[in-house]
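K.L.:
Listed below, chain by chain, are the residues.
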Amino acid sequence: MSLIYCRTEPVMNPFEVPELGVHLHSSQELCYVIYENPLLVMDDFIDNRLIQFIRDDLNMEALADRLESGRRSGESSDNLLLTILSHCQYYLSSEVSKYRQTLIQMRKKHPAEYRKAKADYLFERKQYGRAIPLYEKLLEFDKDTVVNDRFFCRIWCCLGACHARLFQFDRACRAYDRAFSYDNRNEEILERMYFLKALAPELSIDSRYQVIFSGANQKGWEKKMADARAKGWESPQVKELDELFQRDPVKRLSGAAEIVKRWKQDYRGML
Amino acid sequence: MAVNGLIIGLDLCDAYTQVTCSGKEKVWTLPTVICRRKGKDEWMVGEDGYRLNLSGEGVIVDKLLSLAKKSGTATIEEVKYTGRQLLRQFLDQVLAMPRREYGLTRIAQLVITLPDIDLKVMDCLLYCADDLNIPRTRFHVVSHSESFIYYVLSQKKEVWANQVGMFDLTQSGLRYYEMKIQRGIRQTMIQAEYEKLDEGFNLDVLETASGAKLADKILCACGERILGRKLYSSILLTGKGFENPKWAAGFMRLICKRRKVYAESGLFAKGAAVRAGDLLGEDTSFPFVMICEGRLKFTVSMEVLYDGKPTPYVLAASGDSWYEAKSTTEVILDQQEEVVLQVQPVDSKRKREIPIPLEGFPHRPNRTTRIRMRTGFVNENTMAVIIQDKGFGELFAASDVVIRREIEI
Numbered sequence: 001m002s003l004i005y006c007r008t009e010p011v012m013n014p015f016e017v018p019e020l021g022v023h024l025h026s027s028q029e030l031c032y033v034i035y036e037n038p039l040l041v042m043d044d045f046i047d048n049r050l051i052q053f054i055r056d057d058l059n060m061e062a063l064a065d066r067l068e069s070g071r072r073s074g075e076s077s078d079n080l081l082l083t084i085l086s087h088c089q090y091y092l093s094s095e096v097s098k099y100r101q102t103l104i105q106m107r108k109k110h111p112a113e114y115r116k117a118k119a120d121y122l123f124e125r126k127q128y129g130r131a132i133p134l135y136e137k138l139l140e141f142d143k144d145t146v147v148n149d150r151f152f153c154r155i156w157c158c159l160g161a162c163h164a165r166l167f168q169f170d171r172a173c174r175a176y177d178r179a180f181s182y183d184n185r186n187e188e189i190l191e192r193m194y195f196l197k198a199l200a201p202e203l204s205i206d207s208r209y210q211v212i213f214s215g216a217n218q219k220g221w222e223k224k225m226a227d228a229r230a231k232g233w234e235s236p237q238v239k240e241l242d243e244l245f246q247r248d249p250v251k252r253l254s255g256a257a258e259i260v261k262r263w264k265q266d267y268r269g270m271l
Numbered sequence: 272m273a274v275n276g277l278i279i280g281l282d283l284c285d286a287y288t289q290v291t292c293s294g295k296e297k298v299w300t301l302p303t304v305i306c307r308r309k310g311k312d313e314w315m316v317g318e319d320g321y322r323l324n325l326s327g328e329g330v331i332v333d334k335l336l337s338l339a340k341k342s343g344t345a346t347i348e349e350v351k352y353t354g355r356q357l358l359r360q361f362l363d364q365v366l367a368m369p370r371r372e373y374g375l376t377r378i379a380q381l382v383i384t385l386p387d388i389d390l391k392v393m394d395c396l397l398y399c400a401d402d403l404n405i406p407r408t409r410f411h412v413v414s415h416s417e418s419f420i421y422y423v424l425s426q427k428k429e430v431w432a433n434q435v436g437m438f439d440l441t442q443s444g445l446r447y448y449e450m451k452i453q454r455g456i457r458q459t460m461i462q463a464e465y466e467k468l469d470e471g472f473n474l475d476v477l478e479t480a481s482g483a484k485l486a487d488k489i490l491c492a493c494g495e496r497i498l499g500r501k502l503y504s505s506i507l508l509t510g511k512g513f514e515n516p517k518w519a520a521g522f523m524r525l526i527c528k529r530r531k532v533y534a535e536s537g538l539f540a541k542g543a544a545v546r547a548g549d550l551l552g553e554d555t556s557f558p559f560v561m562i563c564e565g566r567l568k569f570t571v572s573m574e575v576l577y578d579g580k581p582t583p584y585v586l587a588a589s590g591d592s593w594y595e596a597k598s599t600t601e602v603i604l605d606q607q608e609e610v611v612l613q614v615q616p617v618d619s620k621r622k623r624e625i626p627i628p629l630e631g632f633p634h635r636p637n638r639t640t641r642i643r644m645r646t647g648f649v650n651e652n653t654m655a656v657i658i659q660d661k662g663f664g665e666l667f668a669a670s671d672v673v674i675r676r677e678i679e680i
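Chains E and G supply the protein sequences, listed in that same order.
Going by this note's numbering, the first sequence opens with residue 1, and the numbers climb by one from there.
Going by this note's numbering, the second sequence opens with residue 272, and the numbers climb by one from there.
Derived from the structure by calculation, the hints contain no laboratory data.
Treat each hint with caution, since some may be false.
The calculated BS3-like cross-link candidates involving lysine-lysine, where the alpha carbons are at most 27 Å apart (straight line), are [stated by the list, open to error]:
#	chain 1	residue 1	chain 2	residue 2
1	G	Lys-391	E	Lys-261
2	E	Lys-264	E	Lys-197
3	G	Lys-580	E	Lys-98
4	E	Lys-109	E	Lys-137
5	G	Lys-391	G	Lys-351
6	E	Lys-197	E	Lys-219
Derived Cβ-Cβ restraints for the label pairs, each shown as a range [unchecked claim]:
#	chain 1	residue 1	chain 2	residue 2	range
7	E	Lys-137	G	Arg-635	45 to 53 Å
8	E	Pro-14	G	Lys-451	25 to 33 Å
9	E	Ser-93	G	Gly-455	44 to 52 Å
Stretch-level coverage of chain G by chain E, calculated; a stretch enters the list once three of its residues show a Cβ under 8 Å from a Cβ in chain E [what the hints assert, rightly or not]:
#	segment
10	371-385
11	430-436
12	572-585
Ideal placement from N, C-alpha and C gives every residue a C-beta, glycine not left out.
Bound-form chain E, shown alone (with noise of 0.2 Å):
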């Protein structure tokens, strides 16, 4: 228990981080972001742009050379973020070493495994424009133990995941197509397939999958479907468009031009 006193930190231009869709305006914040993101920090983080603003915002001037030296000298990546974070002494050390070992077990991950630790990060930070390309690039990966046919399989249902949520059905149609084709026994594929259909009718879906579909636990998808758009009438989302629909036109038209923008706000950030 205690209080950690902050420097001043004259910051002018605050330090961009689009893929958490902020901007960081201390050496704290920075070190938070570096703590509870490393496979956002890893590779590309610690570039000439983030030096310059330790140096002329967050007016660290040593710990700017150290890290510019550091990567003239071809320092890893790992050992400059761990400067970074003993620097600040915003974390114990106690934390800084259970950071080291989790950028080591990280390390120690296939290549492929470790790629795809980074694109189901961004997934699950919504950031499916981001992720799209990363899963992208294992599809190239030569087959091993490790990038086998199971591993391709659940690649492209993250394809498939990623389209989706960006309502690219037709796409997120063709990904499942091509997961179902290194794993034609998987129902959950077939599954996803069906509530796309579902979501969208116009889409069309090869004829040998309405056969296949009608074999299946169609009920069960239906059940699953229905449950679904119940718990989506009780989201707080659609609750606070019942209640805007509900007020007088001046301030519902604000209100629906508050949430539109909102949206188009979140859906910008997932591309």
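The hints should help you fit chain G onto chain E, whose structure is shown.
P.N.:
Chain G in isolation, oriented as in the chain E frame:
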């Protein structure tokens, strides 16, 4: 170091005002009155004001300090003036005296000394300084006790090697000041206190021989009671009553016994000028902890993690002027749901803890709540604390939660 401008000490009382400049002998003494010429926006102060009023050409206002203290007003020829307006006008006229005398208009430092420290009067004086275009960095208000300390310290060391006593006899009454020095290993502490004595009398009684004799007797009794067998390095006499102390022959005999006695009429103004001069230097010439009216008698701190180590962070230190002891600090909460202030009196090693619970603050992950703490003082013993939730940048937006507390210390 050559100073560009006047270094002024100004003693502002309800009855009289004294002005002097650092390093100069001249002291201007005038009644604290202001008079406006009828039908004109022309102002006179002091004796000139009285003359204008006696000639029937002006309207006079006195007790300007009391007027400002009670946020009062005065109406002159159907124009209502606030206490602050009149005080501003008065100060402008008074400051014109040294300006004229020394041919300088810029004020490098101005220290006003008051008999009693009052928040309202201090605020009013600060606004007056703003109106007179004197930046706040060049304007300070201190108590008479503080001026007394600075005056004494500016004298030869033998004058203040040990205890110093002072009698201040004015139309407003009789006060006894005492200054003690505590020499420590790390620092020297200088403490000054005063006592308003009931034995005060109207100075008009000195105009008759019997009145003067009675006044001398009163002072003698008073001196015997206060000075007793105590050892003093020196005794000072100040105030209008001691301008010519011939009437107090008995009292003088008493205090001069085995003691050095000095009389100084513009002592508080001179002390204020010493303080003003000291404020101009990069380092103080008086590296002591001074405890007196207007200065804090305790240190308020809180423990923070600085460079990863628990360190006491001082919000206000003993000896700081309470009016100027303001601080703004930002800290991040690390599994902490309260801010604990530690108060250590100057005369004790025991610390008292004052917890301020952060009620109503939003729940966030650990170390993602930054708070801004602003502290100041309402009076010598009451600290005002404002704690504001600043969130954690754009990662966790700030709420509008603010905690305001006034703490009796």
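K.L.:
Given that the segment 572-585 of chain G was listed as covered by chain E, double-check it with a C-beta distance under 8 Å for 3 or more residues.
P.N.:
Check passed, 10 qualifying residues.
K.L.:
Can you let me know if the beta-carbon spacing of Lys-137 (chain E) and Arg-635 (chain G) is within 45 to 53 Å?
P.N.:
36 Å, violated
K.L.:
Does Lys-109 (chain E) pair with Lys-137 (chain E) here, judged by a C-alpha cut-off of 27 Å?
P.N.:
Within the cut-off at roughly 17 Å; holds.
K.L.:
Mind checking the hinted window 44 to 52 Å against the Cβ distance between Ser-93 (chain E) and Gly-455 (chain G)?
P.N.:
With Cβ atoms ~37 Å apart, the hint is violated.
K.L.:
Next pair to validate is Lys-391 (chain G) with Lys-351 (chain G); report whether the Cα-Cα distance is within 27 Å.
P.N.:
20 Å, holds
K.L.:
If you draw a straight line from the CA of Lys-264 (chain E) to the CA of Lys-197 (chain E), is it 27 Å or shorter?
P.N.:
With Cα atoms ~25 Å apart, Lys-264 (chain E) and Lys-197 (chain E) stay inside 27 Å; holds.
K.L.:
Has the segment 430-436 of chain G got at least three residues whose CB is nearer than 8 Å to a CB belonging to chain E?
P.N.:
violated (count 0)
K.L.:
Given the hint that Lys-391 (chain G) pairs with Lys-261 (chain E), does the C-alpha gap stay at or below 27 Å?
P.N.:
50 Å, violated
K.L.:
Verify the proposed pairing of Lys-197 (chain E) with Lys-219 (chain E), using a straight-line Cα cut of 27 Å.
P.N.:
It holds: about 15 Å lies between the C-alpha atoms, which stays within 27 Å.
K.L.:
Please count how many residues of the segment 371-385 of chain G have a CB within 8 Å of a CB from chain E and say whether that reaches 3.
P.N.:
violated (count 0)
K.L.:
Do the beta carbons of Pro-14 (chain E) and Lys-451 (chain G) sit within 25 to 33 Å of each other?
P.N.:
Taking Cβ atoms as reference, Pro-14 (chain E) and Lys-451 (chain G) lie about 54 Å apart, which means the hint is violated.
K.L.:
Does the alpha-carbon distance linking Lys-580 (chain G) and Lys-98 (chain E) stay inside the 27 Å limit?
P.N.:
20 Å, holds
Of the hints listed earlier, those the structure fails to meet are numbers 1, 7, 8, 9, 10, 11, in rising order.
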